[in-house]
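Q: In case you want the letters, here they are:
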Amino acid sequence: MSTQARPGWMEKPRPVTQAGKVVALVAVVALVCVPFLTIVATSLASPREVVANGGWVLWPQHPTLDAYRDILDGGIVTHALGVSVGVTLIGTLLSLAATVFLAYALSRPQVYGRKPILLLVLFTFLFPPGMIPSFLVVKELGLLDSYASLVLPVLVNVFNLVVLRGFFQGIPEELYEAARLDGAGDLRVLFSIVLPLSKAALAVVGLFYAVAYWNSWFYASLYMESDHWPLQQVLRTYVVAGEGLTDTTTGEGTVNAPQTVQMAVLVLATAPILLVYPFLQKYFTKGVLTGAIKS
Amino acid sequence: MLSLLMFGTFTYFLVFHYGALVGNVIAFKDYVPFDGIWGSPWVGLDNFQRMLQDGDFWHSVINTMLIAVLQLVFYFPVPLALALLLHSLTWGTVRRFVQSVAYLPHFVSWVIVVALFQQVLGDTGMVNGFLGDAGLHTVDIVGNPDAFKPLVVAQVIWKDAGWGTIIFLAALSQVDEQQYEAAAIDGAGPWRRFWHVTLPSIRPVVVLLLIMRLGDILSVGFEQMLLQRDAVGPQAAEIIDTFVYYQGIVGGDYGYAAAAGLFKGLIGAALVYAANKVAHRLGEQGVYR
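If you read the protein sequences in the order shown, they are chains A and B.
Mapping to the working numbering: the first sequence position 158 is 422, numbers consecutive.
Mapping to the working numbering: the second sequence position 145 is 444, numbers consecutive.
Careful, some of the hints might be misleading.
Claimed, not checked - Computed Cβ-Cβ distance ranges for the label pairs, DEER-style:
hint: 1; chain 1: A; residue 1: Gly377; chain 2: B; residue 2: Pro449; range: 48 to 54 Å
hint: 2; chain 1: A; residue 1: Val422; chain 2: B; residue 2: Ile361; range: 57 to 63 Å
hint: 3; chain 1: B; residue 1: Leu388; chain 2: A; residue 2: Cys297; range: 31 to 37 Å
hint: 4; chain 1: A; residue 1: Glu275; chain 2: B; residue 2: Leu498; range: 17 to 23 Å
hint: 5; chain 1: A; residue 1: Ala464; chain 2: B; residue 2: His405; range: 46 to 52 Å
hint: 6; chain 1: A; residue 1: Glu275; chain 2: B; residue 2: Arg580; range: 36 to 42 Å
hint: 7; chain 1: B; residue 1: Val331; chain 2: A; residue 2: Leu301; range: 51 to 57 Å
hint: 8; chain 1: A; residue 1: Ile435; chain 2: B; residue 2: Ile484; range: 52 to 58 Å
hint: 9; chain 1: A; residue 1: Tyr376; chain 2: B; residue 2: Leu388; range: 47 to 53 Å
hint: 10; chain 1: B; residue 1: Pro449; chain 2: A; residue 2: Leu301; range: 22 to 28 Å
hint: 11; chain 1: B; residue 1: Val331; chain 2: A; residue 2: Ala316; range: 23 to 29 Å
Honestly, the hints are just simulated from the structure, not real lab data.
Cβ atoms here follow ideal geometry from the backbone N, Cα and C, with glycine treated the same way.
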């Protein structure tokens, strides 16, 4: 894909068409970017300026980090940030490990019991168990209000499993043969041959898991007490639903956090996604698509 | 060794999927938390009978299908149009940049999407700020039950239209460049090339996606609805999944909620299965390549 390559047979585009395309493209980019821009700008503005402008700004006159200092000062949001980071890191590692082992076993033809297990796994995709029974299982296992309830019930994602399995199956059989002749066991082959060859797929699947854990709030609302909530659930409660926080100065009654602080929480919850996005972007177009099309 | 690993990891599915699947028996019981799943008394099909006579349940079914159909009509064409626009760009750098920007909202959580829409379209939001400054009528969108369904579709478009282009772009990139060239040499203009080369080549993908969406008609974004249901009320926002949530988790009527969930699961699986069959059948006949 070189830049400015118009094949010789294609007629020169008409100016009207060109202008229409430019307008459409600018509109798409603006529709995506402006909302993010205004929340960042509002979080950086002074509360007085935000109130004066009716609740939002597009460009702060006197930028300040006060709102961020407020929320990172050891209160609810700081704790929630810690929960989110912890659950995302540990959850992603566990999910990736479980998915790799299962995908690898399901990709090797000689593994005993492979076919029925694969069918049983795929069946869960067609028929999810439902919210109430899932809740009761977590409850019966005594996992309510434990961080494990945010990870274990969603440990393996079938789509990610299928992507990885497809990728592993694409590795030439000769490599397995060669390794086995050298006396390497199944696990040895996995760690020294399969995984190094699958870095792109592992990156995509890992990032998908990380994004899912980071973005998750419903399970926290279902299973966790409010002092163990991750950031997204805190955001949902105090910003989206607009519930007040307990007034820290008097200890009683509730106050709504100022708009600047609410927007700072929103930015904090979005920032990691924006930060990993370029890496994700680099991989997923090739990695995910090839896997998905195969399945 | 590998078998061992496989069965080990599979226990996850056994416990959290098949265990929960078995837990659906409470749909046939009058579930009392103290007595547990097995100790609660059987009530046969009572829960289902009650459900079939429950106006609120049917309202949630109608809402779900209404929103699904609205999405089919107003959301579905957007990724296709966007993909055609992106595909028509000959300047690779611009194209990749716009693609990256358009995919981004897919990775942002529903909590953030709803918060962003509040901030932009809410009554103290940016759009109303501009309208007010210009001396125009402000718009009442967020929190207004009458505007809720269009708002929901707009949110889905904003979040997923970019991501949805991927599959169409993949199909478009499969088209043999020589077909376009041959058509152009035969005197076909851009519109005729679009009609006779582009459209037939992406038709299978479009048909497949359409059928799959129809098979999934009982599902619309649960998180999206749950986040906004309190603001606009159940009349506008209750879907089957939120009905299950409010009956079971909030109301404590677990057996009844499980019955509604099981009903949705069974009909949904049957529809997906049927959709797959139809797609396969069309795939056999409808291939022009």
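Q: Against the structure shown, which of the earlier numbered hints fail to hold, in ascending order?
A: 2, 3, 5, 8, 11
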